[in-house]
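S.K.: Here the protein sequences come in this chain order: A and B. Quick note on numbering: this note's numbering labels position 509 of the first sequence as 509, and the sequence is numbered without any gaps. Quick note on numbering: this note's numbering labels position 448 of the second sequence as 448, and the sequence is numbered without any gaps.
Careful: at least some of the hints might be erroneous.
Any copy, or any two copies together, can satisfy a pair, since identical chains are not distinguished.
Straight-line Cα separation of at most 25 angstroms, DSS-like style, residue types lysine-lysine; simulated pairs [as the list claims (entries may be wrong)]:
id, residue 1, residue 2
1, Lys277, Lys719
2, Lys117, Lys175
3, Lys619, Lys277
4, Lys307, Lys627
5, Lys43, Lys117
6, Lys619, Lys269
7, Lys680, Lys719
8, Lys472, Lys561
9, Lys117, Lys339
10, Lys606, Lys269
11, Lys619, Lys540
Keep in mind the hints are simulated off the structure, nothing from the lab. In this text, all values refer to a predicted model and were calculated from it rather than measured experimentally.
There are 2 protein chains.
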Amino acid sequence: MIKKVLLGILCFGGILTIGILIGHFGIKQNVDSGPVWVKDVMKDVDESFIEQFLSEVNNINIQENLRQLTEVPHMATSPGDEKTVQLMLKRWQDPDSGLDAAWREEYMVYLSFPDAKNPNKVTVVNSSNSVLYTVREKEKVYTPDQENPEVVQPYAAYSPAGKPKGKLVFANQGKASDYALLNKTVDLRGTIAITRYGGAGRSAKAINAAPYGVIGVLVYTDPWDMNDGLMSDVNETYPHSWYLPPSGVERGSYNVMFGDMLTPYLAAKEDTYRIPKEDITGIPPIPTQPIGFEDAEKLICELGGTKAPDSWQGGFKCAYNFGGPGFKPTSPFNDSDVKLEIFNSETLKNSSNVMGIIRGSVEPDRYVIYGNHRDSWVHGAIECSGTAVMLELSRVLGTMVKQGKWRPRRSIIFGSWGAEEFGLIGSAEYTEQYFTKLSERTVAYINVDIAVFANATLRASGMPSMQNIIFKASQQVNAPGLGSTTVYDNWIRYSNRSSPAHGLIPRMGYLSGAGSDYAAFVHYLGIAAVDISYTYDRTKTNARIYPAYHTAYDTFDYASKFIDPGFTSHQAIARTAGNVLIRLADSLVLPLSYTDYAEILEAYLKTAVDLYEVKLQEKNVSMESLKNAVVSFRRAADGMEQTIRNLDLANETPLVVRKINDQLMLLDRAFLNPLAFPDKYAFRHVIWASSSAGKPTFPGLADAFAAANSSVASGDWSKVHYHLSVLSQAIDGAASTLTEVI
Amino acid sequence: MIKKVLLGILCFGGILTIGILIGHFGIKQNVDSGPVWVKDVMKDVDESFIEQFLSEVNNINIQENLRQLTEVPHMATSPGDEKTVQLMLKRWQDPDSGLDAAWREEYMVYLSFPDAKNPNKVTVVNSSNSVLYTVREKEKVYTPDQENPEVVQPYAAYSPAGKPKGKLVFANQGKASDYALLNKTVDLRGTIAITRYGGAGRSAKAINAAPYGVIGVLVYTDPWDMNDGLMSDVNETYPHSWYLPPSGVERGSYNVMFGDMLTPYLAAKEDTYRIPKEDITGIPPIPTQPIGFEDAEKLICELGGTKAPDSWQGGFKCAYNFGGPGFKPTSPFNDSDVKLEIFNSETLKNSSNVMGIIRGSVEPDRYVIYGNHRDSWVHGAIECSGTAVMLELSRVLGTMVKQGKWRPRRSIIFGSWGAEEFGLIGSAEYTEQYFTKLSERTVAYINVDIAVFANATLRASGMPSMQNIIFKASQQVNAPGLGSTTVYDNWIRYSNRSSPAHGLIPRMGYLSGAGSDYAAFVHYLGIAAVDISYTYDRTKTNARIYPAYHTAYDTFDYASKFIDPGFTSHQAIARTAGNVLIRLADSLVLPLSYTDYAEILEAYLKTAVDLYEVKLQEKNVSMESLKNAVVSFRRAADGMEQTIRNLDLANETPLVVRKINDQLMLLDRAFLNPLAFPDKYAFRHVIWASSSAGKPTFPGLADAFAAANSSVASGDWSKVHYHLSVLSQAIDGAASTLTEVI
């Protein structure tokens, strides 16, 4: 009995023990992985989601978007612009495919318009004031689009009003050197200069002219620069091809700075302080008007004086003379003047940005911003191609969010900027209003302005840290019309370089100018940015840009017939840019590479040493601190790459990942110096600021060197030394943000 | 049998089930709370650790620290300074009580010294060039300290060398208004002005003088301003009391800006670009020399001319006359000149900061910085009291770290700044070198410069967001010599105000000037900061500051006999400041309060509206945007407080807490505007910048209003409008960083 009891107890104990063991080790407890958020906060980008996104981006939707966006002309603040505001809001507030929220933000900005009741006039008048010739006031109508009464007359925004009259001269591209040369043979006082687009900025053509006594400027597009020489609308130009018809005129904003001119560094709210108009810099000091090449030919081919140099000659079938000044004795215009009657006026208008957001699930306080402008000069179909793409991309993502299938780790902000055409105004005001918030929280800015210039190849410009994201994204998208060739493989054929680290790779450009809405993000905020588009095969055209640019011919018809029939290049851009966006929003560790950035700094340094060191040594200015800084940056970047490679993500705290992401996100902020370029509005980034020296190296150093080298004042060399210190310390500071944090 | 088998199976099953249940639910699995880091990352400040810290702060250690620090004079870059560098390094590198790491950082900075071989001289010389009187070159010796050959002769740092000679005049405090009044009765051209300390900045006394043709300036300490009228070293002044002996001279840096003068906005490294010396602003344009009141009395009481106004009279037993110019006819100095022979020279010297760190365990990339300067003019015992405190505080914390008992959540950086006396140079260079890193990661800066001015009460100045931390800390420390009365309860008796939110509370000051090393952190980096000390009972003395300030009498003997015998006030400061430090480093949610900040902005706004609105309405300048901005800030601050109150910390992700902490940490950055005060080096904080208007309101607005109000140029009102826009948009921007992040 005792035996049985003992056996029973033993049995009981044994079975119980087995049970306990099974219970403890055999059955996974549901709290086993800790709080529910542990998995969420450590989730990485989902490649299958990217695949799904790519498959859902629809070219026909983009086409339809573009059709709707370009139904009427929609110049900034016009009724057509308001229509596009409403369209954006409707789409982004759609309950099934919209974003979490969307709203408009208004700024009261300084714009310049012609007077519809008093159109600008350009005429040839003889000495008894009879009009011998009148330049066309509006572009010729080929499709009903051009008949819309809202098509704005060609004009030079921010050109002053006035009625200058004088002998005509030809000043090539209106560069400072052009006027200097012209002035050697012609007395320019009291003359009107006709110039061609290209070579110098729009307003520079008038700014460079005024010191010589020139009193008015005409600007035209030479067929040589835009139409590969073609000129006839009988069969050569639109609507027969993508080339510019003879009466087409490129409109544009004639200014140097960007952002609202009256409220630099302040958001242009109704009661914001505005500088006196007299203090605006960078706009034409004398009346200026753009005209078509049809009229320009009539004027230029009648000019007297000596023949201009070969490099000044263009596509017209005549010699381009300097002008006597004025027309040649054999001309019907002999002894006549050219008269400009310009009635432009400036006005404060409310311009809207439309903002849309998808809230981040894990790090809502980290922003990936995707934006482009909504306004155009006329119908702006190519101008609006980025918006058509953005609407499709946001539809796909919005639908996923609304269906509860996806929510990005970080917040996504979409910006549809207003008044870009007048000088990147909407995006600049946005960065001024939210400066601190954006600079603290923004991971990157993606700009797709003109999505498709042409159907040949991808073009991407941006911070070198973004290179590998663009590469990755472009490797996952097929190039339109090329079967299974990827956008990447096609790109590398068109444009490439040899990288010390990667071998042969596609060549990315830099964002050193202020060509589109990335400017304020790069130069004022120091945010990693990229600008993406599809572009030309340069073996097939020398056109400065797509020929209908800023004319009344940039229409849906033009876009769908000559730029991207089928909209497959638009689709490729939507897929590539969307892929970049998702990677930036969802990657656990931000995919920004600073070894790639180091490579570019090293290349810049090598150029600077090659170009400047011998001369600087003569002037007792040492480049050692710059060399050391670049070495420090390289070391820090390599170290960071090593740190990321060694991360044991399964066991790291979310705060360790956040620490690294903060270092990656904020790197470019260290390159900002608000005192480095005091005369250039918002240019604070010492690596990417604009430069007039035209050297592939550090801009402040290059410009200071060029200035000192062409000056007799020895003090100018100290400015080179100053810029070397600014630059070295910025790079050192950047390196110190990338090394271990303490 | 079947029954038995069934029973057995049932039994077996039952027991097994019980076992499984026990095993599964009864025994806690060690993975039960998820990854091991989950608890660590959500750990809050440990109150028992604070208690332990408080109990271990030892007054006698502080006394010993001070004794060692002040053994020899340790003016910046002197051998004595190097001795203190070595002391700091030894302590912070101690294996048992040191920090994780400590090192020195050097800057090559522009300093000004007298010539030991050619001492500065001030004499009275008659018309035949005979010397009638010579001002004392060195202070009188009362204790062996003053005999040390390293005691620097009294001088005005950055005063130019020169030998001006002229008739003496008395110019009160050397304010602009003083010279204007004096100039009404005396022709100041070619005169030497004697001025008393106070009323105007040191260099202002010479800067204000030069435009009137004054060629040299003497500066002295009037017994009325410093000694409560007492003057005799027989029994009234040190070594009989804390009062200044008759020969005592306040040295000092005669400059307006701070940081190294030759390298503004750049770290002063060896090869950094340096501005031309001629471009330095804010230093005396004419030779200047400080003297003791013993000599000043001799000169002032002999002055001729009319009697100066009552407010100009001081402690001497004679009438203070303007000067004829020069001495009165009855004086032995009649018709004599005063002659200055100044041999100061400027030189570049290596000055060291000593840095020490404790690495943060959870958020190493968040810094709480605690600092003060190490240099002095002579022995600088009171000047070094902050360093003596810091060494004790870092010993207690360092020991805990070395013993593995504690590691702060965030990193702690200790800074022992060099060359503060010459213009906050070490701290300013540090912020210039690491600008981006510090501004991105620094939670707060705690400054304890002179820890103990006197034994009466706490004094604290800082961002309003820090108020509740100071209050909390001061409530946990007993006031020295007052039994169980807390520092807080004692403080509120001495200085208080009525807060709309809190009722009667101690009055905190602001950090609107550049009085100590907090300046670069507040004004250049926009970091929340606090400056803490123990100070006077103002009912007992009117002394401008402790009377031995910057003299050869500021010694360990002086400090331990007259300022804080027993060093219990030092102990109270170490406990209070250390408590603040631990709370900032360890609190899970940063204890910064923006409702308290809102309260001060509302008070500033009320003052501004009361003072300016009527007049501004006349000038068509509206204050509405400012009012709206303050309302937005209040709403955002209330919302943030609500958010924090509603946080369910047990279930929040660490990234949600980090998000809120980032908002709290970065708030003041939104108040920075590098363009708001272009003429004031490093003043970028639009709420706390220095102001000459002397109104308790927004500094830029107050100064712009004062300037416009005293000007006839109507354009000056537009500068008021400009500052209103700068200010409103900064406050709006700050509010937008505090509201929900997306």
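S.K.: The structure should be examined with respect to each hint, and the outcome stated for every one.
M.R.: Now the hints, each set against the structure:
no., hint, result
1, Lys277 x Lys719, "between (31 angstroms within a copy, 15 angstroms between copies)"
2, Lys117 x Lys175, "neither (33 angstroms within a copy, 63 angstroms between copies)"
3, Lys619 x Lys277, "between (42 angstroms within a copy, 19 angstroms between copies)"
4, Lys307 x Lys627, "neither (50 angstroms within a copy, 66 angstroms between copies)"
5, Lys43 x Lys117, "neither (61 angstroms within a copy, 72 angstroms between copies)"
6, Lys619 x Lys269, "between (49 angstroms within a copy, 19 angstroms between copies)"
7, Lys680 x Lys719, "both (16 angstroms within a copy, 22 angstroms between copies)"
8, Lys472 x Lys561, "neither (31 angstroms within a copy, 73 angstroms between copies)"
9, Lys117 x Lys339, "within (19 angstroms within a copy, 79 angstroms between copies)"
10, Lys606 x Lys269, "between (45 angstroms within a copy, 23 angstroms between copies)"
11, Lys619 x Lys540, "neither (48 angstroms within a copy, 62 angstroms between copies)"
Of the numbered hints listed earlier, those contradicted by the structure are 2, 4, 5, 8, 11.
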